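Given these sequences and hints, build the entire structure.
As you go down the protein sequences, you meet chains A and B in turn.
Take the first sequence: its position 54, counting from 1, is numbered 54 in UniProt numbering, and each next residue is one higher.
Take the second sequence: its position 170, counting from 1, is numbered 170 in UniProt numbering, and each next residue is one higher.
Just so you know, the hints here were simulated from the structure itself, not pulled from any lab data.
None of the values given here were measured: they were computed from a predicted structure.
There's no promise every hint is true.
[Said to hold, decoys possible] Pairwise CB distance ranges (calculated):
(1) 45/A x 78/B: 54 to 62 Å
(2) 142/B x 46/A: 47 to 55 Å
(3) 160/B x 19/A: 44 to 52 Å
(4) 276/B x 67/A: 45 to 53 Å
(5) 45/A x 12/B: 37 to 45 Å
(6) 77/B x 70/A: 41 to 49 Å
Even for Gly, the Cβ is constructed at its ideal location relative to N, Cα and C.
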Amino acid sequence: MTETHPKPEMASENTIPILVEFTGGLEMLFSDERKHRLSVPSKDDEGNPVNIGWLVKHLCDKVMKDSRKEMFVLDDHVRPGILVLVNDADWELEGEASYALQPNDNILFVSTLHGG
Amino acid sequence: MARTLCATCKTARALIIRPKNHQKLCKACFIAVFEAEIHHTITTTSLFSPGDRIAIGASGGKDSTVLASVLKTLNERYNYGLNLILLSIDEGIKGYRDDSLETVKRNAVQYDMPLKIVGYDELYGWTMDQVVEVIGKKGNCTYCGVFRRQALDRGAKMLGIKHVVTGHNADDVAETILMNLLRGDLPRLARSTSIVTGDSTSDVRRSKPLKYAYEKEIVLYAHHKKLDYFTTECLYSPEAFRGSARSLIKNLERVRPSAILDVVRSGEDMAKLVPEEVTGISQCKSQKVSLSSADGEEEGSGGCGNTNGRDSGGEMADMEKKLQLDEEASSREVDVTSLASTADGQNHDRIASKSVGRKRDTSRKLVKQTLGTCKRCGYMSSQDICKACTLLEGLNKNRPKMEIVIDVEDEESSTLRRRMEGVTLAAG
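If you want it as structure tokens, here you go:
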């Protein structure tokens, strides 16, 4: 488990601690680390609560060091074939990208695209 | 956001939304219905008989791990009376199989099944690393795939087992159907849709019990059951054509999740329109009577309905309605074919005229394909000399020259390699 943020557990009024996990081969794109504890701002630049759509962009821009962004995001959407689970529930049940992050949420990205 | 309750038990929170019918289920009900549907596929196709020894082609990946887990569960729950064995193939790719074979070894302990690992080197005299040295990274998947399919047969034969099951899922089958459609390869399209290949006369039969299971649900099943599986990307570049077929499938799924099973069903229906003399498939069916009748039944219930699966009773009205439509459609198709062959030129809808046109073309062009055995190695093949032997012949011819060149000059070898790739591809 790697702490990829300098202040991982710090939850203040302005930040939300979350756990992001990558499995099914996606961890390869994120420094081979399965779990990433992040502390994200509670509001985006426009003052709206941060949602998964924001998180995905954040992961792409700030967390992912691999250059193969298209393995994770295609046309501004999570690549088809990658499942997103919010606290174990399919994100389709939670409003997909518009789901507003809550403190201590577990967001899991699972690729179904890789072989075995 | 308000929590959605499970459509089946109406008490637990729904965590899964099923791609094929949008049903929202809790974890326990999802696991139950997933297993019930595999059981349904197995029973309606009479896939196994009590006392059968079954080799599970195990890679340590999600599909074969789920297959092993589900088969173990169902074998115990429904007293199939099966003797299950894990069979793994070591392609000889350094750094690729090591971890996945470790996973299979753990699975063998977890599922209490014997494990047999067979290497390409002992089967063919070539590891995939050596093959790539000769033909390059492009196109090597063909070799790997051809070798792997036969490796499972050979490994099974070595163990005295006559039936190998593989973890191919609905997405895989849909992808293969699309690829064969795009290539215009109707004989292979027909064969790739059937749940079993081979019959009582062949040394080893192969089947795909997860044929109707969505890849998404397989991954979710593995996740919620906390199964121990391994994911890895093959170190050699993925086959481009299959890759694009896969992307197409995944994009279709995003727009309309039922598309995957619909493609599988379309493939099955198209397979029925392919003339027998072209596919060589009817031969197996007539020899294996129980199977051919099971096929007929399968087309109605599709392994996904609930005629047998009491667990899933009442949950799938939509699906059933659709299946009834499918059944009606398929009976219409039979009419169309018989009409088309007797009264050519009238009552043609698009499908019928296409199939007739195709029939003429293919039967003229394609050599009659019947499932027999390779004259060289004796394994199941639709041609005189099987693909593996043809590929091996090419490899063995190239080997001495290549080894010298590779040792001496790297740059030169890559150009030669490229040239060799052309040669072997032409030969294949």
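Violations among the numbered hints, reported as their numbers in ascending order | none
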